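Colleague: Based on the sequences and whatever the hints tell you, model everything.
Taken in order, these protein sequences are the chains called A and B.
Counting along the first sequence from 1, when you hit position 184 you're at 184 in the numbering used here, and nothing is skipped either side.
Counting along the second sequence from 1, when you hit position 754 you're at 754 in the numbering used here, and nothing is skipped either side.
It is possible that some hints are incorrect.
Chain A is nowhere near these chain B residues, computed Cβ spacing over 12 Å in every case [what the hints assert, rightly or not]:
#	residue
1	230
2	323
3	369
4	381
5	382
6	383
7	385
8	387
9	509
10	530
11	535
12	569
13	577
14	655
15	667
16	724
Part of the chain B face toward chain A, derived, beta carbon under 8 Å [to be verified]:
#	residue
17	378
18	389
19	668
Per label pair, the in silico range of CB-to-CB distance [unchecked claim]:
#	chain 1	residue 1	chain 2	residue 2	range
20	A	85	B	367	28 to 38 Å
21	A	69	B	373	29 to 39 Å
22	B	367	A	147	52 to 62 Å
23	A	180	B	747	47 to 57 Å
24	A	147	B	375	53 to 63 Å
25	B	747	A	208	29 to 39 Å
26	A	197	B	367	19 to 29 Å
27	B	287	A	22	55 to 65 Å
28	A	10	B	747	54 to 64 Å
29	B	237	A	60	46 to 56 Å
30	A	60	B	327	51 to 61 Å
Note that these hints are calculated values from the structure, not bench results.
Just so it is clear, the structure is predicted and the values come from calculations on it, not from any experiment.
Cβ atoms here follow ideal geometry from the backbone N, Cα and C, with glycine treated the same way.
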Amino acid sequence: MTESLLAVRGLSKHFVSGNETVPVIEKLSFTMGEGQSLALTGRSGSGKSTLLNLLCGLESPDAGTIVMQGQVFEAGGAAARKKAAAWASLRRQQIGVVFQEANLMPALTLLENVRFRAQLAGRDPANSEDWLTRLDIGDLARRYPDQVSGGQRQRAALAMVFAMEPALMLADEPTGSLDRQTAAEVAQVLFDLQARHGCSLILATHDVELAAGCQQLLDLGHLSAV
Amino acid sequence: MKRRISFSSSLPIPRALLSHYRRHPLQLLALATMIVLATMLWTGVNQLTSQARASLEQSEQAVAERQQVVRDDGHALMVEDFVSLRLAGVCVMPWLEVTPDSGSRIIGVDPLAAHCFGTGASEALDQPLDGKPFVDMSSAADTPARESRFYLLTPDSTQASDLPNGYHLRTFATGPETGELGDSFLLNLEALGVLVLLITALLLRSVYLLGLAQRRDGFALLHRFGVLPGQVQRWLVVEIIALTLICVVPGVWLGRWLAAGLGGGFGQALDGLFDIPLYAGHGQGWITPVLVMLAVVVIACLGDLLLLRFRERLSLSVPKRLGLATALFMAGLVMAWLAPSLLWVFVAVALVFAGAGWLTPVTVTRFANWRADQSKAPLARWRYRELAVLARRLTLPLVALQFALAMVLAIQALVTTFENTFDRWLGQRLEAAYYIEVPAGADSRKAADWLTGHKASNPGMQWHQVIRGSTRMADKAAASSQQVDIYALAPISSLITGWGLLEAEDHPWEALAGNKGVMINEQLARRQKLGVGDTLQLVLDEQTRDMRILGVYPDYGRPVGEVLLNAEALPDNFNARSESFSITPGELGIGPVTDGLKRIWSVETLSMRDNSTIRELATGVFDQTFALTRAMTLLTLILAASALLMMGWVFFTTRAWYFRLLVVWGMSQQEVAGQLLRLALALTGGIALLALPLGIWLTWVLVHRINPLAFGWSLPMAVYPAFWLELGALSLAIGLSIAALMRRQLGKPSVAPVSASALTGGER
Numbered sequence: 001m002t003e004s005l006l007a008v009r010g011l012s013k014h015f016v017s018g019n020e021t022v023p024v025i026e027k028l029s030f031t032m033g034e035g036q037s038l039a040l041t042g043r044s045g046s047g048k049s050t051l052l053n054l055l056c057g058l059e060s061p062d063a064g065t066i067v068m069q070g071q072v073f074e075a076g077g078a079a080a081r082k083k084a085a086a087w088a089s090l091r092r093q094q095i096g097v098v099f100q101e102a103n104l105m106p107a108l109t110l111l112e113n114v115r116f117r118a119q120l121a122g123r124d125p126a127n128s129e130d131w132l133t134r135l136d137i138g139d140l141a142r143r144y145p146d147q148v149s150g151g152q153r154q155r156a157a158l159a160m161v162f163a164m165e166p167a168l169m170l171a172d173e174p175t176g177s178l179d180r181q182t183a184a185e186v187a188q189v190l191f192d193l194q195a196r197h198g199c200s201l202i203l204a205t206h207d208v209e210l211a212a213g214c215q216q217l218l219d220l221g222h223l224s225a226v
Numbered sequence: 001m002k003r004r005i006s007f008s009s010s011l012p013i014p015r016a017l018l019s020h021y022r023r024h025p026l027q028l029l030a031l032a033t034m035i036v037l038a039t040m041l042w043t044g045v046n047q048l049t050s051q052a053r054a055s056l057e058q059s060e061q062a063v064a065e066r067q068q069v070v071r072d073d074g075h076a077l078m079v080e081d082f083v084s085l086r087l088a089g090v091c092v093m094p095w096l097e098v099t100p101d102s103g104s105r106i107i108g109v110d111p112l113a114a115h116c117f118g119t120g121a122s123e124a125l126d127q128p129l130d131g132k133p134f135v136d137m138s139s140a141a142d143t144p145a146r147e148s149r150f151y152l153l154t155p156d157s158t159q160a161s162d163l164p165n166g167y168h169l170r171t172f173a174t175g176p177e178t179g180e181l182g183d184s185f186l187l188n189l190e191a192l193g194v195l196v197l198l199i200t201a202l203l204l205r206s207v208y209l210l211g212l213a214q215r216r217d218g219f220a221l222l223h224r225f226g227v228l229p230g231q232v233q234r235w236l237v238v239e240i241i242a243l244t245l246i247c248v249v250p251g252v253w254l255g256r257w258l259a260a261g262l263g264g265g266f267g268q269a270l271d272g273l274f275d276i277p278l279y280a281g282h283g284q285g286w287i288t289p290v291l292v293m294l295a296v297v298v299i300a301c302l303g304d305l306l307l308l309r310f311r312e313r314l315s316l317s318v319p320k321r322l323g324l325a326t327a328l329f330m331a332g333l334v335m336a337w338l339a340p341s342l343l344w345v346f347v348a349v350a351l352v353f354a355g356a357g358w359l360t361p362v363t364v365t366r367f368a369n370w371r372a373d374q375s376k377a378p379l380a381r382w383r384y385r386e387l388a389v390l391a392r393r394l395t396l397p398l399v400a401l402q403f404a405l406a407m408v409l410a411i412q413a414l415v416t417t418f419e420n421t422f423d424r425w426l427g428q429r430l431e432a433a434y435y436i437e438v439p440a441g442a443d444s445r446k447a448a449d450w451l452t453g454h455k456a457s458n459p460g461m462q463w464h465q466v467i468r469g470s471t472r473m474a475d476k477a478a479a480s481s482q483q484v485d486i487y488a489l490a491p492i493s494s495l496i497t498g499w500g501l502l503e504a505e506d507h508p509w510e511a512l513a514g515n516k517g518v519m520i521n522e523q524l525a526r527r528q529k530l531g532v533g534d535t536l537q538l539v540l541d542e543q544t545r546d547m548r549i550l551g552v553y554p555d556y557g558r559p560v561g562e563v564l565l566n567a568e569a570l571p572d573n574f575n576a577r578s579e580s581f582s583i584t585p586g587e588l589g590i591g592p593v594t595d596g597l598k599r600i601w602s603v604e605t606l607s608m609r610d611n612s613t614i615r616e617l618a619t620g621v622f623d624q625t626f627a628l629t630r631a632m633t634l635l636t637l638i639l640a641a642s643a644l645l646m647m648g649w650v651f652f653t654t655r656a657w658y659f660r661l662l663v664v665w666g667m668s669q670q671e672v673a674g675q676l677l678r679l680a681l682a683l684t685g686g687i688a689l690l691a692l693p694l695g696i697w698l699t700w701v702l703v704h705r706i707n708p709l710a711f712g713w714s715l716p717m718a719v720y721p722a723f724w725l726e727l728g729a730l731s732l733a734i735g736l737s738i739a740a741l742m743r744r745q746l747g748k749p750s751v752a753p754v755s756a757s758a759l760t761g762g763e764r
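Modeller: Right, here's the structure in full:
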């Protein structure tokens, strides 16, 4: 049995819209082992992106606890700054995040972006170009993000994440802006690398086929874990 | 068949165009605010300059040196004298100066009598100058006064032979001449006005183009719906003209209000100088500033649209543009050095600014990219790459800030130089405590002997006699340009040996005292290309005399050439225009001196000026003008800084997603804020650094090129590093403000851009 990387217990989050309080996530609990993959599905507004943000500390929960690599983050309470610093350290070295678009710094080349991310994580940036090659965009290493296609940008984003050797990868609709064929290629690369390097993956998506590639599925629309 | 779209069917277009501002009202507000502020600033500067010029001209008219009629017997003039002179057909105007028990001096005149002076003085006196100081003669006479003086003024055209027996002519002056120093300063103020116009145009353009860029998607959509680009452009022209007309009017009103507030002080200072309120508070009307600003806004905002047909032909590749910018810049520098006339100097300044405006963003971008390539640290590399993007994205407000900083630097140096020069020059010219005119027909030698005798027993006493007149230079055919003023002194006292000289041989004052040569003013030296050691040929007593030039002195008060010489060099029959004594009485006091001179010259009154009062008053007017100029340049800087702040904020808003990526990648908000702070400081600090050489060059142009070409004399070139530091601190403060706004932006959740296009901040 795999060792637990992440445990979520009684997690709740709501937003305030005007005078109305809108619950987004209510009393969610699940655990995830190292090297596992989990797909988050659900209709728009069901809280997929919010959950990803909670799981990397970009947003704070209203209730519940998140245990990440043994570090316990409880909702509320004091020491907010300390918690923020701990989350920042995790994001820097252990959690890689991929969004639907705009994952790269526009002023840096693809190679500089990968190096930048690796160095931020404290990893050796020497392999950066190899990562781009492995993702079939080695010949575009010195191009800027606006000089390559959307699919190539997403490949570069994946190269950035793998260059930092994360324990957990959070991907928010990573193929959402791509055409069907490119999306399939990027998804293939994503799962291959995740499996080969043993990092865990949480993937938020509308795409049923993409979700099917994960070992577990959490449908936030029905708040039920499968 | 070509489809025609009628006016009514095109009305949805403006509605669609304006819908952008309904969604983004702050953009409209920013553009409107910028037009109002720019109009206010330029109107203010322009209004103040024209007021200052009008005030000085009016002052000069009112207090210009004129003639007065005095009695041969030295007795005070009475009303009977006025009657007898008018009966004899002499044009005279009564002038009654009354110093009331409290308040400023007032002057009683008879406006009817003033009309025989013709235009000029009578116009100046006819103007309703706040009801003061020129009041009706009877009102002045009825005013309880602690002192009053009655004069009869007569036009310059009156000859001594026109006067009946018992009267003669004497000069009449009510104040010191500010000379060309004032004109020079006003010329520079006008140049400042043009520069302010350029800066405001740049700022307007930057704000407008930013708005336009954010509406580009909307234009593309309209294009897809079949709307011709020309139609959109026409509506954009209508839109900006309507907005300008709405905003320019309050802008002009605010500018006039600003000028009135600041200019009130200027008027009061003029009161101080001439002891009379002479503030010409009318300035320009409304039409000129409204039309000028309308033209500026339309050209700045719509220049591209108007030149659309030529744009492709005019557009250049980056290397060609860079080459052109460098060529313009270099040509401007060379032209400023060699320009034969003022016009060419202004063209040169325009070329240098155009070149600098193009080169600055490119320089910053290239430097930043070079530093990025050199950097090993990932964050430093990222920061320099971002700096390069910033420099390109914020080109217009950055260049406007650079120009504003350069202008402030130059104006500050100019103002301080003017202040120092004026103080020193006034101090030299008014070195003596008192200035006493020698009455017509009086023997100045007796007075000189008397003063020599008293100087021996009063060591603190200093004096010299001044003889003024004119002659001509001998080496060329008679022409007005060869006329030179004579400024003869005897003895060469310590009242003059403190004068600063532009160039001189060893021990020049001793040589002058020994009558071994002469000194000339800067104007004469420049015009005739004369220098120390050269020989000047002067015609004195119909004989040509060779005189060696011992030194060249600065002289800011007169346009003509002047020769300073020992009075012993003058022939006995030299036709002196005026004779006077400059006296510092020391412990003896002025009372015994005036009593002694009255006795020697057998007169009841002396024409005497207290130089310390004049110096105080003259300094007052310039201090006020300088303060006002500084205030206006500071306002320009604040406007440029606000525009950069606004643009910086908008830029960072569009790029917030990418800065937030750093947080996603594990940097704390404090760390990211620190990086953004360094970025903003590098940007504004870099611009301040690039503004420095431009400002120093502009200072040099103002004092060493414009002044000599306009007036024949130059001001000393001085730089003020302490002020550079102040400007540097100000630039960093602007950077800090931008960073503070960015930090605030960083705390807010940002939306992922839908594409990596330029409109969403994803450009490189």
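Colleague: Does each hint hold? Answer for all of them.
Modeller: So, going through the hints one by one against the coordinates:
Residue placement check: residue 230(B) keeps its beta carbon more than 12 Å from all beta carbons of chain A (closest about 30 Å). No beta-carbon of chain A comes within 12 Å of the beta-carbon of residue 323(B); the shortest separation is about 25 Å. Distance to chain A contradicts residue 369(B) as a non-interface residue, since its nearest Cβ pair spans about 9 Å, not more than 12 Å. A beta-carbon of chain A comes within 12 Å of the beta-carbon of residue 381(B); the shortest separation is about 7 Å.
At roughly 6 Å from the closest C-beta of chain A, the C-beta of residue 382(B) falls inside 12 Å, breaking its exclusion from the interface. A cut-off of 12 Å between C-beta atoms contradicts the statement that residue 383(B) is not in contact with chain A; the least separation is 10 Å. Residue-level check failed: residue 385(B) sits 4 Å from the nearest beta carbon of chain A, not beyond 12 Å. The claim that residue 387(B) is not at the interface with chain A is violated, since a C-beta of that chain comes within 12 Å of its own (minimum 9 Å).
With a minimum CB-CB distance of about 67 Å to chain A, residue 509(B) clears the 12 Å threshold, and the non-interface call stands. Every beta carbon of chain A lies more than 12 Å from that of residue 530(B), the smallest distance being close to 61 Å; the non-interface claim holds. Even its closest Cβ contact with chain A, about 69 Å, leaves residue 535(B) beyond 12 Å, as expected for a residue assigned away from the interface. At roughly 76 Å from the closest C-beta of chain A, the C-beta of residue 569(B) stays outside 12 Å, upholding its exclusion from the interface.
Distance check on residue 577(B): its Cβ is at least 74 Å (rounded) from any Cβ of chain A, clearing the 12 Å threshold; non-interface status holds. Not every CB of chain A lies more than 12 Å from the CB of residue 655(B), the least distance being 8 Å, so the non-interface label is violated. In this structure residue 667(B) is not separated from chain A by more than 12 Å, as the shortest Cβ-Cβ distance comes to only about 7 Å. The claim that residue 724(B) is not at the interface with chain A holds, since no C-beta of that chain comes within 12 Å of its own (minimum 31 Å).
Given the 8 Å rule on beta carbons, the hint for residue 378(B) holds: about 4 Å separates it from the nearest Cβ of chain A. Given the 8 Å rule on beta carbons, the hint for residue 389(B) holds: about 5 Å separates it from the nearest Cβ of chain A. Checking residue 668(B) against chain A by beta carbon gives a least distance of about 5 Å; that is within 8 Å, so the hint holds. Checking the proposed 28 to 38 Å range against residue 85(A) and residue 367(B) shows it holds: the Cβ atoms sit about 35 Å from each other.
For the pair residue 69(A) and residue 373(B), the beta carbons lie near 37 Å from each other, so the given range of 29 to 39 Å is met. Between residue 367(B) and residue 147(A) the Cβ separation comes to about 23 Å, which falls outside the hinted range of 52 to 62 Å. Checked against the hint of 47 to 57 Å, the C-beta distance between residue 180(A) and residue 747(B) comes to roughly 38 Å, which is inconsistent with it. Range check, residue 147(A) to residue 375(B): Cβ separation about 22 Å, and the 53 to 63 Å hint is violated.
Between residue 747(B) and residue 208(A) the C-beta distance comes to about 37 Å, which sits within the given range of 29 to 39 Å. In this structure the hint that residue 197(A) and residue 367(B) lie 19 to 29 Å apart at CB is violated, the actual value being about 40 Å. As the Cβ distance of residue 287(B) to residue 22(A) is approximately 58 Å, the hint placing it in 55 to 65 Å holds. For the hinted restraint 54 to 64 Å between residue 10(A) and residue 747(B), the CB-CB distance of approximately 28 Å leaves it violated.
The hinted range of 46 to 56 Å is satisfied by residue 237(B) and residue 60(A), whose Cβ atoms lie roughly 51 Å apart. The hint said 51 to 61 Å for the Cβ distance between residue 60(A) and residue 327(B), and at roughly 59 Å that hint holds.
Of the numbered hints listed earlier, those contradicted by the structure are 3, 4, 5, 6, 7, 8, 14, 15, 22, 23, 24, 26, 28.
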